[in-house]
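Peer 1: Spelled out from the first residue to the last, the chains are:
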Amino acid sequence: MGVGILVEDLNAWYGTTHTLQDINLHIPANHATALIGPSGCGKSTFVRCLNRMHETNPIARATGVVKMGDIDIYNDASPVEIRRRVGMVFQRPNPFPTMSIYDNVVSGLKLNGFRNRRILDETVERSLKQAALWEEVKDDLKKKSGASLSGGQQQRMCIARALAVDPEVLLMDEPASALDPVSTSKIEDLIFQLKSQYTIVIVTHNMQQAARVAENTGFFLNGKMVEFDSTHKIFTNPRDKRTEDYITGRFG
Amino acid sequence: MDFESASMRRNKARRTATNYLVSGLCILATVLVILPLIAILFYLIYKGASSLNLAFFTRIPAPVGESGGGMANSIVGSGIILLLASLMGIPVGIAAGVYLAEFGRGKTLATAVRFTADVLNGVPSIVMGISIYSLIVVQQKHFSALAGGVALAIMMVPTITRTTEEMLATVPHAIREAALGLGVPKWRTAISVSLRTASPGIITGCMLAFARVAGETAPLLFTAFGNQFWNFKLSEPIAALPLQIYVYAISPYDEWHRLAWAGSLVLIVLIMVSVTLVRIFANRGALKGGS
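Those sequence lines, one after another, are chains L and W.
Offset between the first sequence (1-based) and my numbering: plus 20.
Offset between the second sequence (1-based) and my numbering: plus 234.
Treat the hints with care, since some could be wrong.
Said to hold, decoys possible - DSS-like cross-link-like pairs, simulated, lysine-lysine; straight-line CA separation at most 27 Å:
1) 164(L) x 130(L)
2) 206(L) x 149(L)
3) 467(W) x 130(L)
4) 244(L) x 87(L)
5) 244(L) x 206(L)
6) 341(W) x 87(L)
To be clear, the hints were calculated from the coordinates, so they are not data collected in a lab.
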């Protein structure tokens, strides 16, 4: 099951650039939350702070409190432990090119030393079914490289890979922006089904996508969170003038 | 409808001509690259093949004045020295390359290692021989197979280190992020993901280094020293193909000259065979559609 995320006074920097300023936010468990905003507004940096990927960049730094359930992720646990509990799907599909489809899906388990064949087999089937890819690849699991699939299939495989480690939170950084409309709608269907079991945070440039999949939406601008509310409220009756300008296409 | 005006047609003719000219130059350059290799190979076969017989591969050199004999001990000796050199040089070279590419970005130590590797690559092989002579042979008071192996290993390291670093640099950052995002520790990501993805290029680098030192004579002159008899002990002087070829080639006897040609042929063929075998072995596990 998913857990809620509480963010208090989160600030982040790249070198001397202050990318995120005083973010306060509660992301409810087992819901999909969308983050929208123009390019460079800090929404990708924000999700990368939620699984401590932000700090893999040597010049990056973050302060503040992020609580996942009872755990303060910056104080109570190591980055590696946090990332096992928080799955991430990236903008471009990034399969491991040397691994088969099977090995790609269970890479999170195998690379952490897990070797039980029966459980690996079960995990591959469960994760690929969750990601709606099982029927398309079940005959080539160990024969084909993960990189041989189409872009849309690769992205669903990457979602299966993130689900295979049984996370509580799933972060998706523009998961459909490199895909065609058919693949995009498959990914959206998937988010719709998965949000009953996981807490999903999805960054998107596509406002219709946010409206279709997410219960709540946050609007980011210049490193600040301008507004956070139910998706319906954000798109029909936003409180802030800047949110209204953005969703009506006046800038961004 | 006629979309092509007269000037467009003239341009097209010019572009086609340029295309043929540039393609032709590329093919010419390719031929110029391959030609010396083929020429050397055929000349070696012409000069050396007639002296190849069973005795060449099974006997040790005949004493001066007697005819016959072979290079069996040199072939085995070269094998032992190269195995030693690879066992020492390849792990060190790859590990240093991994450090440079994955952990040392922007660090002073990395800059120093990179600079050292580049300088080491330019050290003349005879200098390497003398250095190992004073560092190992003089200390131990005897020539040895081990000293030869160390000399060749040090010559392999810079090539392997720099190729490993460059090949790791071509691995997309997104793939590392995928592994880190799954909660895989950084060291495990470096070995099981980055290194594995870059392995075809790294294997090529190792093979280049291997092929280069396999034919080296100078570093072995004062280290492995050469031996007219069988030796399987690492602590004693050992025969090597390049050394035996050198000894025979500067001798005044016609038969020894012919044996030197045969030895050169065998050396080249052995290098080509081992490089090919490693390539076949490395490609065996490749998957459909992988890179």
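Peer 1: Work down the list of hints and note, for each, if the structure agrees.
Peer 2: These are the hints, each one checked on the structure:
{"no.": "1", "hint": "164(L) x 130(L)", "in the structure": "18 Å, holds"}
{"no.": "2", "hint": "206(L) x 149(L)", "in the structure": "13 Å, holds"}
{"no.": "3", "hint": "467(W) x 130(L)", "in the structure": "42 Å, violated"}
{"no.": "4", "hint": "244(L) x 87(L)", "in the structure": "19 Å, holds"}
{"no.": "5", "hint": "244(L) x 206(L)", "in the structure": "31 Å, violated"}
{"no.": "6", "hint": "341(W) x 87(L)", "in the structure": "34 Å, violated"}
When the structure is compared with the earlier hints, violations turn up for hints 3, 5 and 6 and for no others.
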